[in-house]
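Visitor: Residue-level listing of the chains:
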Amino acid sequence: MDVLTDNFSLYGKGFLGTVELTVYASLLALALGFVMASFRVAPVSSLRAIGTVWVAVLRNTPLTLLFFAVLLGLPRFGLVLPFQLFAVLALGCYTSAFICEALRSGINTVPTGQGEAARSLGMSFSQTLSNVVLPQAFRSVIPPVGSTLIALAKNSAIAGAFSVTELLGTYKTLNELGYSIIWSFVWIAVGYLIITLAISALFNLMEKRWGVAR
Amino acid sequence: MTRSTAHATALYDIPGPATRKRHLAYGVASVLVIAALIAWVLHLLFATDQFTGQKWTPFTYKGIQELLLRGLGNTLKAFAYAAVLSLALGAVLAVGRLSVHRPVRWLSTLLVEFFRAMPVLVMIFFIFVALKVQPLPALVAGLTLYNGSVLAEVFRTGINSVERGQREAAYALGMRKTQVTTHVLAPQAVRAMLPTIISQLVVALKDTSLGYLITYEEFLHAGKLIASNLDYDLPFIPVVMVISPIYIGMCMLLSWFATWVARRQRRNPKTEATGVSTARQGPVLPGGRDLRNTT
Amino acid sequence: MLRTKNIAAVLAGLLLAALAAGCGREGSPPVKGPRTDRLPTYRADTGFQLPKSPTWRKAHRRGYLVVGAKEDQPYLGEKDPASGVYSGFDIEIARMMAASLGFEPKKIRFRTIASANRETALQNGQIDYYVGTYTINDMRKKIVGFAGPYYMAGQGLLVRTDENDIHGPQDLAGKTVCSAAGSTPYQRIAADYPKAKLVAYDTYSICVDNLLTFQVDAVTTDDAILLGFAAKAPDEMKVVGKPFSEEPYGIGVPRSDNALRLALDDALEANEKNGNWKKAFEATLGLSGVPAPKPPPIDRYPAN
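Residue numbers (our numbering), protein chains in the order written: chain A, 1 to 214; chain B, 1 to 295; chain C, 1 to 304.
Since the hints were derived computationally from the structure, they do not count as laboratory data. Some hints here could point you the wrong way.
Stated by the list, open to error - Pairs of lysine-lysine, DSBU-like flavour, derived with a Cα cap of 35 Å:
#1 C:K107 <-> B:K77
#2 C:K58 <-> B:K132
#3 C:K58 <-> C:K238
#4 C:K175 <-> A:K172
#5 C:K107 <-> B:K62
#6 C:K278 <-> C:K58
#7 A:K172 <-> C:K195
#8 B:K55 <-> C:K141
#9 A:K172 <-> C:K242
#10 C:K106 <-> C:K52
#11 C:K197 <-> C:K238
#12 B:K55 <-> C:K106
#13 C:K294 <-> C:K273
#14 C:K52 <-> C:K294
#15 C:K142 <-> B:K132
#16 C:K141 <-> A:K13
#17 A:K13 <-> B:K132
#18 C:K142 <-> B:K55
#19 B:K132 <-> A:K172
#20 C:K242 <-> C:K278
#21 C:K279 <-> C:K106
#22 B:K132 <-> C:K52
#23 A:K13 <-> C:K106
#24 B:K132 <-> C:K197
#25 C:K197 <-> A:K172
#26 C:K279 <-> C:K238
#27 C:K52 <-> C:K238
#28 C:K279 <-> C:K107
#29 B:K132 <-> C:K106
#30 B:K77 <-> C:K106
#31 B:K62 <-> C:K106
#32 A:K13 <-> C:K242
#33 B:K55 <-> C:K279
#34 C:K106 <-> C:K294
Isolated chain A (complex conformation) (with noise of 0.2 Å):
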């Protein structure tokens, strides 16, 4: 108990720090993913190859290794960043691969009559797309999008390993000053799961009022 107490401050840090990764790069994973995602159902077939090689290249890239060319590697091209942007930049851009894919078979749950009923009532792309298919394409993918988002939460505890200050990398103080590394831990894993039950939390909400009926 002395650990927490004694040391609030720290984990205080270490928690707004895992906080701070998670919703950053969740904004980041949702933005790009709907990109990619847009490119994916894209009738233009250069566009679905883009979306295509970016998802099957990041999901399968071991985060580590992302983190690794990422946060040592750009700075070789004279890019000169904090540490916590590399990190964010890491984590959304191999987050959005799964977050395009959750959004696109989103998509494609909607049925093709829907579309075509819409088009022969005289709706545009557009409207079809914002009117019809998107508001029901929405309601399905609430729940992957949450455990998506939830997986990045946990994945951001790598970025403790390149010098990014967050939950995790508090052990390594706590460690040093001679506190009970049992303790440290157990405070550690009680932060995160504060913080997948709180987007556990959200999303729940979220499906009952949008979510579609089961």
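Starting from the known structure of chain A, arrange chains B and C on it as the hints suggest.
Guide: Then chains B and C, alone, in the frame of chain A:
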């Protein structure tokens, strides 16, 4: 997949001649953008002297090649251990979750839920730092706990999705619960869930690279050793260029195998009979987490 | 980045083809390192016996010594990635000690142990002793035993050669400084110079890499380590200022094994007297242009 989108989807009709022309223009434009990007990256690579002989010659020596191969071997070793042990643990936990004894069921559920909610790296570090275990067993144990728990859910979903009639028929023939599970339910469940199981093994393969963070001498570690050597003029980019295609290639091969199995099964009447759809993975938990784990 | 990988795929394909064909050049890429021809040779004291030491008995039965070392510290403890050969001043000290304990040079096996795992490795008996920039302090003395000190290092700063603003730790305010996570130098900067922005990795080689890619402004740790790096790339990096701490380097041994510790103390003293110590220094760290200092007095602290 690409062909189906070329036809009518919910989003657009089969394009007419004018639309096709417009699409062609978009296509040309995007190809140009990509070409420009490639040129820019190439320019950057040359401008920062990434293709100098000094940075690439280390790779031509047997010593370096052997170092990389040794690292690759260690990666595959960790993967093999983790895969076998995860499958075993997954089976045990799945049986526990389906047990008729309530304490066993609760304990298995608790374990599965906990290990799935924890970042795999936290577990690996805990085992490595707090329990003072050697790097390889620590990495394998962490991967096993996490992937085993996920696989337990996969197995359980698979068994639950076998048509009820199968189970009832087996019981009607006088089979015991163990017999029903091992002879009737498990074979069908495993066959139906095979693509998902293989996809989870891809996750395990990718996560072996976490061993790098606990000084396990795997592939990435070998790469770092070369990349950070001042005598080789810090060939970081060359190292990334060499090791990432191999890593990505291995994982893609395994992913591709999963897709291939799934496609073969879709044509297989045996699995169709069970009525399990492997393509759709809905939430299996109140938490809304689905089976496709993205670690 | 995606595109890089595609180009990389082609290059790697070529490389793999080369690998498959087995046409790799024999040996390992040329490296800068200690002048092997100038390294002293140590005569193994074959009749040596140390029955009181459980570590020695175990090693004797096994037939070889297992010595923990660092792998990424030029001129101190460095492992050639290709040949797997260890070299440097710490390695020479380890060889000297092995010879005095009656082990031929061929009967030493080096193992890389990261700083964070040194104590565990000694406690678990994974290694017989550890030579790798291991600072003696009271906290560590509670967990492991220390022979020596065999060298007196001090914390210093490594900067790029074009850096003119940093002359000592007092100039670090607002600068990004890299060190090993959880290390003593890291904690000293955090405590005494809170205005410096700290960055931490597990190994110093990544810190040096960050320095050369402008991600950090300085690397701080013991000057001995920094001198080794500076000697590898003297056009790009330099060590600045005076050492601002005292870091006596010791040989780590299992805490309960006082017989081994005192035997190593004797061996050190003998090698310092017969000139081996000075020769070893000159063939390794001395190549960075620093003359061999006087070795610090050996501390034979009482067992408790």
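Visitor: Which numbered hints are broken by the structure, listed smallest first?
Guide: 3, 8, 18, 23 and 27
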